[in-house]
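**Q** Residues per chain are reported as follows:
Protein chains: 4
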Amino acid sequence: MTSSAPTPTTPQNGEPGKTTLGVAAIGYAFMGKAHSNAWRNVASYFDVPAFEQKVLVGRDAEQVAEAAARYGWSESATDWRQVIERDDIHIVDICAPGWMHAEIAIAALEAGKHVLVEKPLANTLAEAEAMTDAARAARARGIQSMIGFNYRRVPALALAKELIAEGRLGTVRHVRAAYLQDWLVDADSPMTWRLNKETAGSGALGDIASHAIDQVLFLLGDTVTEVSGRLHTFVDSRPGADGPEQVTVDDAAWATLTLASGAVASVEVSRMATGKKNSLTMEIYGDKGSLLFDLESINELGFMDATVPVREQGFRRILVNEPDHPYMDAWWPQGHVIGWEHTFTHEIRDFLVAIDAGTPPSPSFEEGLAVQQVLAAIEESADAKSAIIQVAGH
Amino acid sequence: MTSSAPTPTTPQNGEPGKTTLGVAAIGYAFMGKAHSNAWRNVASYFDVPAFEQKVLVGRDAEQVAEAAARYGWSESATDWRQVIERDDIHIVDICAPGWMHAEIAIAALEAGKHVLVEKPLANTLAEAEAMTDAARAARARGIQSMIGFNYRRVPALALAKELIAEGRLGTVRHVRAAYLQDWLVDADSPMTWRLNKETAGSGALGDIASHAIDQVLFLLGDTVTEVSGRLHTFVDSRPGADGPEQVTVDDAAWATLTLASGAVASVEVSRMATGKKNSLTMEIYGDKGSLLFDLESINELGFMDATVPVREQGFRRILVNEPDHPYMDAWWPQGHVIGWEHTFTHEIRDFLVAIDAGTPPSPSFEEGLAVQQVLAAIEESADAKSAIIQVAGH
Amino acid sequence: MTSSAPTPTTPQNGEPGKTTLGVAAIGYAFMGKAHSNAWRNVASYFDVPAFEQKVLVGRDAEQVAEAAARYGWSESATDWRQVIERDDIHIVDICAPGWMHAEIAIAALEAGKHVLVEKPLANTLAEAEAMTDAARAARARGIQSMIGFNYRRVPALALAKELIAEGRLGTVRHVRAAYLQDWLVDADSPMTWRLNKETAGSGALGDIASHAIDQVLFLLGDTVTEVSGRLHTFVDSRPGADGPEQVTVDDAAWATLTLASGAVASVEVSRMATGKKNSLTMEIYGDKGSLLFDLESINELGFMDATVPVREQGFRRILVNEPDHPYMDAWWPQGHVIGWEHTFTHEIRDFLVAIDAGTPPSPSFEEGLAVQQVLAAIEESADAKSAIIQVAGH
Amino acid sequence: MTSSAPTPTTPQNGEPGKTTLGVAAIGYAFMGKAHSNAWRNVASYFDVPAFEQKVLVGRDAEQVAEAAARYGWSESATDWRQVIERDDIHIVDICAPGWMHAEIAIAALEAGKHVLVEKPLANTLAEAEAMTDAARAARARGIQSMIGFNYRRVPALALAKELIAEGRLGTVRHVRAAYLQDWLVDADSPMTWRLNKETAGSGALGDIASHAIDQVLFLLGDTVTEVSGRLHTFVDSRPGADGPEQVTVDDAAWATLTLASGAVASVEVSRMATGKKNSLTMEIYGDKGSLLFDLESINELGFMDATVPVREQGFRRILVNEPDHPYMDAWWPQGHVIGWEHTFTHEIRDFLVAIDAGTPPSPSFEEGLAVQQVLAAIEESADAKSAIIQVAGH
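Residue numbers (UniProt numbering), protein chains in the order written: chain A, 1 to 394; chain B, 1 to 394; chain C, 1 to 394; chain D, 1 to 394.
Hints were generated in silico from the structure; no laboratory data involved. Hints may contain errors.
You can't tell identical chains apart in this list, so a pair holds if it fits in one copy or across any two.
Computed cross-link-like contacts, DMTMM-like style, restricted to lysine to aspartate or glutamate with a CA-CA straight-line distance of at most 20 angstroms [claimed, not checked]:
| id | residue 1 | residue 2 |
| --- | --- | --- |
| 1 | Lys385 | Glu226 |
| 2 | Lys288 | Glu312 |
| 3 | Lys33 | Glu380 |
| 4 | Lys33 | Asp329 |
| 5 | Lys288 | Asp236 |
| 6 | Lys288 | Asp188 |
| 7 | Lys33 | Glu322 |
| 8 | Lys288 | Asp324 |
In this text, all values refer to a predicted model and were calculated from it rather than measured experimentally.
Please model the entire structure based on the sequences and the hints provided.
**A** Encoded structure:
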């Protein structure tokens with residue numbers, strides 16, 4: 001008898017008698033790398049149904065093969081259509097560019113696959129609506145879908161959501177959301193597809209205001225009825241391959257949102273905020289308390305409890321690393337902080353658990369569509385000299 | 001011969017052969033107290049022309065007498081018209097409510113007195129214009145005038161101004177200004193004259209957005225060409241003496257400002273930001289650097305120099321308490337921080353020095369008017385569903 | 001009848017029938033300037049007995065006359081012995097160098113004057129003991145005395161004291177006190193009397209560790225039974241008038257203090273902490289909560305309440321500017337922060353109120369002596385290779 | 001031709017013609033979990049030689065099998081002696097308790113395996129010396145060894161090391177190191193093996209002061225010549241299975257270290273610092289600049305450059321997340337912060353690269369021994385009433 005025992009090689013986790021879920025991911029760039037990390041690690045920390053990292057899909061056969069090996073996928077492939085038809089694939093994780101989301105997601109849902117799609121849901125409102133219809137139809141057949149607003153899974157923001165839901169802020173009135181980056185500060189940095197409206201849909205608005213708006217909706221559990229918006233391009237021409245090219249998307253965006261509850265939220269985003277690297281900030285002011293958050297300090301939540309005596313009131317810095325905090329009992333002892341990519345691990349965990357339980361995960365495509373509708377209304381307002389516009393459905 | 005020598009009792013400072021400037025202050029509430037402190041102390045720290053704290057003027061004879069004694073004025077009086085006619089009064093410092101500014105300031109200027117008036121310049125644009133005309137006319141006769149945007153004299157903001165003027169931020173593009181307070185959070189706090197449009201002119205807009213807008217103009221040396229604005233009253237009825245009364249001013253305001261330079265500034269103010277006590281924040285993003293400021297940390301300036309190697313870039317916290325910093329050689333050794341009221345001492349110092357030199361002090365009434373014009377445009381935009389409005393003169 | 005009324009010129013405050021207290025201050029350098037500011041302003045903010053800023057005393061007749069005029073004193077003088085004998089002087093405020101404290105204080109007390117003396121109480125333990133004896137004897141005759149550990153009057157530290165006294169920290173165990181400055185970093189900065197043991201007594205130890213130790217005693221209401229100490233001079237020779245001179249005091253000091261309660265405190269001070277300008281930090285860890293303070297952020301107190309649920313625990317930043325906070329109802333509305341020199345105004349206020357009430361003010365000379373005894377024990381331990389030493393009286 | 005291609009299943013990375021390194025890890029508790037995470041992920045981010053996660057070793061067969069499956073190991077085993085003899089094992093990663101380090105490490109080195117051992121090197125100085133001898137002998141045979149002071153691989157601290165080595169701080173004089181936690185605050189929390197000197201060696205001293213001292217040595221590239229130390233147990237009895245048991249290790253420790261360079265460092269550690277969760281702070285003060293670090297804000301480094309004009313000096317907060325920063329080009333775009341466990345991934349990366357290159361990795365066992373010698377001297381000093389003690393070899 002030997003002293004060592006082989007580890008069951010597959011799946012990464014699981015219970016006897018359950019189907020092992022085969023996963024295919026489409027895309028291996030920034031988001032593909034982040035999602036792969038989550039798939040590779042989620043079962044080491046969380047109890048999730050059995051799954052396998054089956055196939056990584058990309059356009060360049062050589063590169064996707066290398067990425068698959070590097071990121072822990074058993075196979076690589078170049079044709080997503082073939083992959084979504086495979087019987088051993090149950091989950092499709094879409095990390096491809098926004099303009100491909102609708103086609104892949106709808107096809108995958110129709111093929112009976114659970115679908116996770118990166119944000120934003122789509123580049124156009126029409127696509128987003130078609131995806132939502134497909135998701136609704138699939139859900140009726142037990143097929144789940146989810147949009148990847150990963151910041152909902154930041155433990156500090158999940159804690160914020162809990163505190164608000166418990167009434168700790170009282171009536172929320174004034175909300176400030178901002179997302180500031182600085183990677184376009186240099187006017188000589190070159191033109192890219194991200195700065196072209198044809199390929200990118202929009203600029204800072206779709207890329208980062210979408211996160212900020214989703215947080216407003218998520219944290220408050222509220223809806224936006226009307227908006228005033230403004231878009232601006234500070235550097236409207238950048239060096240292209242053959243001379244200067246026109247930048248056709250926004251570098252920065254501003255909006256005020258009227259919420260159904262009566263609260264008002266401001267949203268401000270920029271890729272020109274020198275020194276701000278990835279600063280999604282949320283400020284939520286209620287009549288009994290307030291919350292502050294900055295993504296650059298991802299492990300911290302600021303909480304002001306206005307119900308304690310004035311003498312001892314103040315914003316407290318909660319280090320959201322206790323076993324009592326959302327998701328944190330899976331990781332390390334208190335004070336051993338986590339990083340940005342952990343939010344995807346939490347997202348995949350919740351997605352897998354929902355599939356296992358047969359309950360629709362959140363945020364749904366409908367929730368993704370709601371964000372798209374607000375973005376569309378902001379663009380419409382911006383085109384109308386910032387005049388207030390009703391959001392679709394309100 | 002005795003070993004002790006009497007101190008020349010008056011004036012508080014001065015050179016032989018110069019007239020001692022007689023000062024009258026009108027108003028002894030919050031601002032009157034702050035200005036009195038400045039008059040009482042300025043000559044102990046700065047070299048200023050000789051002056052005397054002659055008369056404090058207020059409506060209630062008994063109360064103003066007590067305030068005069070407490071705050072260091074030689075006399076008290078109840079009739080400002082008599083006081084501004086006195087030959088021994090050379091300076092009139094107007095700390096009365098905004099609706100009284102125009103009448104007093106114009107009369108004083110016409111009586112040949114130098115005038116310092118608290119912000120905002122006036123409650124209406126028409127009054128502000130009349131005051132500006134009077135100031136211009138008086139200036140031609142050597143009579144000086146100034147509006148008291150005291151935050152221009154926060155050493156950290158004066159340093160910010162210097163750094164921007166020296167080009168340390170490069171081209172400024174994106175500016176964020178906010179002024180957040182929380183003294184109206186309680187929906188049961190009673191109705192006051194400050195919440196009535198008749199008496200107060202506006203709410204958070206005139207009271208605190210004026211400061212934020214003045215800082216944008218001051219720091220950038222720029223002008224506003226157009227605005228989009230929004231006003232909101234979260235609690236529109238409050239307990240009055242005889243039951244609920246209507247709140248007719250804004251609790252919060254939002255605006256985006258287009259600047260002549262091409263920069264865009266957002267302005268957001270609130271009296272409902274629970275936990276924010278007096279938080280005027282300025283964020284100035286240029287293509288070579290950025291600045292951050294928060295009035296609650298009045299001795300600090302955040303500076304990001306984007307021209308140093310990326311590896312060592314970061315917002316630095318400058319403790320603005322060195323002899324090299326504006327106004328600071330007059331006070332204490334490094335690290336011995338100053339407070340809020342010192343800004344008035346600096347203001348009075350600059351006002352006195354300008355009078356002595358015969359050079360117009362800044363901010364002038366024209367500068368105060370420029371702020372009023374932006375405020376008026378924001379109100380107009382708010383009335384027009386936030387549609388962009390040209391600012392008067394642009 | 002005229003519309004204006006003269007303000008009673010003297011005293012700065014007061015009730016009918018009470019003697020107006022005549023004040024003499026000795027010294028017009030850094031501390032003299034700070035104390036003068038306090039005397040000049042205290043009656044504008046606080047209800048205090050009537051007093052007059054009578055005489056400022058200094059060695060240079062011309063300079064002291066100028067300082068007296070600038071700082072609001074009626075007369076100047078050069079002979080402190082004459083001044084303390086004057087019948088119209090009731091209070092002597094000693095801002096002279098440490099080696100003069102004992103002689104002046106004892107003479108003034110024996111002359112029946114109330115005495116305020118700047119810290120440290122004296123340069124030697126023997127002098128401190130003699131002063132304490134004199135103070136005790138004078139107190140029996142109704143003559144009050146106080147040592148000016150002004151940081152006891154920082155509102156944030158006064159609030160800290162209240163919270164600890166109320167049991168909000170539970171049992172205090174671990175205390176960290178530090179006072180870091182950087183004004184001696186440059187090895188070429190010249191030799192001064194402050195760096196010579198003959199004139200200065202000690203270096204960072206007496207100058208700033210004294211403050212840190214006083215805070216430990218003040219905040220905890222505890223006594224030190226034994227210490228281990230270490231002193232170090234990083235730059236032991238500096239340019240003098242005639243070539244290099246030996247630095248004979250410490251640049252930095254370290255100590256651990258055993259407290260009677262069982263708590264242990266560390267004390268660490270330096271004049272070589274580049275970038276730290278005036279950073280007195282206190283960290284108090286109890287079994288129910290903790291406090292953090294940094295003098296560079298004088299308006300803030302960090303408070304961690306470990307009795308709330310773990311999920312929402314965190315250090316809260318209390319902006320100590322509410323009317324409910326110690327001393328703060330006298331100043332400005334919430335969030336309008338105060339500065340360093342206000343601590344002296346509070347000190348003078350408490351001193352005057354105690355004199356008026358006939359109750360001994362705190363910190364007494366005995367309390368000053370207790371600090372001196374700890375400093376002496378640290379020096380003794382440092383001389384004994386850091387071996388633990390009993391503090392006198394324990 | 002199919003559109004999908006299988007990923008080469010083993011090894012996790014590698015070049016053709018090179019042996020794939022077989023790895024065995026011993027221990028699957030806290031450190032085993034952290035190391036496993038690093039092995040599982042390192043090849044996804046860094047270019048490392050080919051390796052396989054072969055065997056996880058633990059005492060409980062069932063539990064170690066489950067851990068192996070969860071953490072990505074091919075096999076599990078219970079007998080480490082058998083495992084280290086296997087030909088397919090080339091690397092032994094020791095995450096077992098400190099008292100087992102010496103035996104396993106020496107046996108593994110003698111068996112020709114590269115060894116990584118968690119800190120502290122050993123529980124006793126004698127064991128540490130034996131291990132160092134074994135490492136030296138093995139190194140001569142091309143067998144590498146390393147001790148896992150993972151905080152050397154925090155990018156912010158690696159950057160700090162670079163800046164100091166480049167002379168950016170000038171002459172370093174005053175260093176403050178602290179490591180504060182609060183998991184023993186509750187006096188009723190039960191007795192454990194960690195609080196017993198027999199099993200744990202020491203308390204906070206060995207557990208966390210070791211990290212702080214290693215950072216002093218690492219950052220300064222210096223050695224400790226003498227120390228004064230103090231240990232204290234605030235709660236000396238805790239509930240055991242059969243009633244109160246004696247706590248025989250320290251809850252807190254203090255030391256001052258004399259460095260060969262002339263710098264002086266203080267070290268202060270505690271498990272009683274309520275509200276501090278995992279706060280390793282380093283403050284390094286040189287005559288040209290300073291650095292600040294707090295492990296609770298792991299992505300940030302404070303840097304004060306005292307060579308820029310005084311007017312613009314201040315501690316800058318460098319968000320150490322740029323591709324230019326140590327280790328960071330492997331991860332995410334700027335501002336997408338990393339967490340605590342990434343330090344182990346960096347450690348394993350450096351270990352593998354060193355093995356591949358045949359160059360001794362750092363920190364070596366000799367470096368681990370140096371830390372042990374300082375810890376031993378602190379204990380000796382604490383036993384001698386804090387009197388200064390020479391460190392072994394000095």
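**Q** Now look at each hint and say whether the structure bears it out.
**A** Hints, one by one, checked against the model:
In this assembly of identical chains, the alpha carbons of Lys385 and Glu226 lie at most 20 angstroms apart whether taken from the same copy (15 angstroms) or from different copies (11 angstroms). Taking the shortest alpha-carbon separations for Lys288 and Glu312, both the intra-copy value of 14 angstroms and the inter-copy value of 15 angstroms come in at or below 20 angstroms. For the homomeric pair Lys33 and Glu380, neither the shortest alpha-carbon distance inside one copy (34 angstroms) nor that between copies (50 angstroms) is at most 20 angstroms. For the homomeric pair Lys33 and Asp329, the shortest alpha-carbon distance between copies (14 angstroms) is at most 20 angstroms, but the shortest distance inside one copy (25 angstroms) is not.
Proximity of Lys288 and Asp236 under a CA criterion of 20 angstroms is satisfied inter-copy only: 18 angstroms between copies versus 44 angstroms inside one chain copy. For the homomeric pair Lys288 and Asp188, the shortest alpha-carbon distance between copies (13 angstroms) is at most 20 angstroms, but the shortest distance inside one copy (48 angstroms) is not. Within a single copy, Lys33 and Glu322 get their C-alpha atoms only as close as 28 angstroms, which misses the 20 angstroms cut-off; across copies the closest is 18 angstroms, which meets it. Proximity of Lys288 to Asp324 under the C-alpha cut-off of 20 angstroms is restricted to the inter-copy arrangement: shortest distance 19 angstroms between copies versus 23 angstroms within a copy.
This entry does not satisfy hint 3, going by the numbered hints stated previously; all others are met.
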